[in-house]
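First to last, the protein sequences are chains U and Y.
Numbering follows this note's numbering, with no gaps: position 145 of the first sequence is 145.
Just add 1000 to wherever you are in the second sequence, counting from 1, and you've got this note's numbering.
Treat the hints with care, since some could be wrong.
[Said to hold, decoys possible] Result set (PhoX-like, lysine-lysine): computed pairs, CA atoms no more than 20 Å apart in a straight line:
#, chain 1, residue 1, chain 2, residue 2
1, Y, K1237, Y, K1325
2, U, K123, Y, K1121
3, U, K57, U, K89
4, Y, K1142, U, K220
5, U, K258, U, K89
6, U, K272, Y, K1162
7, Y, K1095, U, K272
8, U, K61, U, K89
It is worth saying that the hints were derived from the structure and are not from the lab.
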Amino acid sequence: MAEAPHEAWITGIGILSCLGEGLDAHWQGFNASKPIIDTETFAPYIVHPLAAIDFDKQIPKKGDQRQMEPWQRIGTYAAGLALDSAGCKGNAALLGHMDMIVAAGGGERDEAVDGAILSALPKAARPDMFLNEHLMNDLRPTLFLAQLSNLLAGNISIVHGVTGSSRTFMGEELAGIDAVRIALARIRAGQSDIALVGGAYNGERSDLVMLFEFGDYCLKGEFRPVWDRQQADGFAIGSLGAFLVVESRAHAEARNAKPIARLSAAASGYAKRGPGATKDELGRLWSKVAGAVRPGSTAIISGATGAEPATGEEKGFLGLHPDLPVRATGTLIGHGLEPQMVMNVALAALAVNRGKLFPPCGGSSFERPMEGALTQAVVTGVGHWRGEGLALVEAVG
Amino acid sequence: MASYRDKSGRPVVVVTGMGVVTSLGAGKTENWDKLTAGESGIRAIKRFSTEGLRTRIAGTVDFVPVDPLTSPALASRLADMAAEEAIAQSGVGTKGHFPGPLFLAVAPVEVEWPQRQELAKASGANEAVTYTDLIRAASSGKFRHFHERFMFVSVADGLASKYGTEGAPISLSTACASGASAIQLGLEAIRRGETDAALCVATDGSVNVESLIRFSLLSALSMSNDPPQGASKPFAKNRDGFVMAEGAGALVLESYESATARGAKILGVLAGCGELADSFHRTRSSPDGKPIIGCMRNALDDAGLTPDDIDYINAHGTGTPENDKMECLCVSAVFGERAKQIPMSSNKSMIGHTLSAAGAVEAVVTLMTLEHQRIPPTINYNVPDPAILLDVVPNVARDAQMRRAISNSFGFGGQNVSLVMAREPA
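All chains, full assembly: derive it from the sequences and hints.
Written out as structure tokens, the structure is:
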């Protein structure tokens, strides 16, 4: 029969957001607890813009940068930070057998080309031919590669040399939830020793505001913490990059890598959405980790988006656990869909590693201060439309 | 009696149901008949005007009505047809409850031109249209259905709901290797003991004007428009690119033990899977072939086999000058002197390149090849390439004795996946 599951450690983290890049910047940002928002560029919609990043530091070749659109640059950069943090950067033998799971959305549009075509099409004598001609002439050939979902992984292979395997999951929030789950499941079962897992999101895109506005999901008007948006619900899209290096304890110890935290569990769910269904699904996922939770030294790092009814459902679930302090990171860094779960696992690992929880996000009254030592964190992820997830991150030692 | 565990002590994984839809038709029977007759499903594109385009042909699935037609809507319908056939054949589970997870290979999803035009019109902008206008129209509440249609998870959502698969469905893309990756994820889940069954589906309905033009701008597509049936020419000297196509493949994977326990017919064994990514270039393979060679070797290792155990190669065989050259080079490296004696054919010569679906469509065809002991040919092989010295089963189907086969899938972004399949458990 199968051997005992392998313990999995998080040995590297690479994160960037409106708060900056890296663990220290995020620790400072979450302790300062001041949301960084842009209310003008996409007014009346609110987004969390990416901090200024010098992409040369992780993507040295300008030629590589030119082949990418921003979402790929953010991800390739974050992946580089994670590999640096894990002490893997440049180790060809290690990178050559490192597995990779990327949670990705896709294609950035050339907004100018779309606008010009849409403006002229109704007046064209032969609209079909006009469209063909302008797509042929006006689309940059390389834009396609910058749009393809799996080309974030492709760029990470090229820029950083990660080639053991390359898989790209899609499906909005669920992509990141399952990327973490599958990476962990493979390591626990001995199917993988070390994996780079993460994703990226460029939230500063009109086509995405449009996509989510179809369903009335975008936050507009006055900014409030995610728990306090009942009157005008919605999420503020955030630009995020988040990657983890997860590896078996044995593999990490053999190369003298230090754990940031232990990734103890990751589960995904798929509620048939309707009143109460997401709350129940979170309860079902909770039952998988409940035995390991130690109230008093645990917190919940929530991926709540601020969009209803999902956020209300999660609030209902959290109400069943009033002894556990909660932090919805989306208040400070926004909602970045695919990488959201990975980012929150990273922030949970950061907090348990520092041994304390940061203050309530954006002063939300739903989140209460925590004074004592933090040794573990449960991470939730609830998709704005579909998908639920939960992970358990614990301090090592 | 064959063992329920493989040499590494893992559960043996078998296939108990298969479904397929391509430009050749719906279902295994029609596809098999046409594949072994050497028929092509490639035709002139009728779906949209191709005036002024360099490539005007594709393996479109035109016999499946979808209204309104979008790529994810067609992909959903094709996936549904393939899954229905596979689950019915397998007989696993009960109606509306498939006893395992769904792994779905699907093309990236985005809003398409007809919807963009509809929004522009609804916005009332009468001069320069910008995304500000489109967003204004989007926020009217009249386009709520667009949100659901253009979520990446939407294709999986429909399948998971209809077939009642367990847990969260995984949607994935490894470009043109996606179908094989979906099967690999199912294989791994069963080997981990998480489930006894998995539904692996791969689908693509991407022949729309912008997708065609994007591939065309990368100079990846055949421009041999006339006659369309002659355009896809894998391994021939005059090959000039691949032909975009649509389709879906579905496989029900089960642990051999649970399939046997319920008396299911075993269609074949998924003996192993290998992958290895390439860091050389976004669209080109490493010239030394190491990633592809390593990928095939990883698959053989995973199956506990050696190159001598393989009797047939189901090639990726896209018909692009670069792919076919590299694939042959790498097959020669892996199989050595024996490479020339192993038949290797490309289903894409007839079906075209079903992109995200190809790995699963071709896994289904490979298992039928083993079942029928008959090899579908590589058609349009009229001008041999002196650089390719392999047996590509030119133009005419052939009977052969085969126990095991390997199927290759390679994709943009350095994706390489190989599957090893066997006719029956060892």
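Evaluated hints:
1. Under the criterion of a C-alpha separation no larger than 20 Å, the hint pairing K1237(Y) with K1325(Y) is consistent with the structure, at around 10 Å.
2. For the suggested pair K123(U) and K1121(Y), the alpha carbons sit about 12 Å apart, so the restraint of at most 20 Å is met.
3. The suggested pairing of K57(U) with K89(U) holds, with an alpha-carbon distance near 13 Å, which does not exceed 20 Å.
4. Restraint check: the Cα-Cα separation between K1142(Y) and K220(U) comes to about 18 Å, which is no more than 20 Å; the hinted pair holds.
5. Annotation: proposed proximity of K258(U) to K89(U) holds, straight-line Cα distance about 15 Å (limit 20 Å).
6. With a C-alpha separation of about 12 Å, the suggested pair K272(U) and K1162(Y) falls inside the 20 Å cut-off, and the hint holds.
7. Of the supplied pair hints, the one linking K1095(Y) and K272(U) holds, its CA atoms being roughly 17 Å apart against a limit of 20 Å.
8. Our distance criterion of 20 Å between C-alpha atoms is met by K61(U) and K89(U), whose separation comes to about 16 Å.
In the structure shown, no violation is registered for any of the earlier numbered hints.
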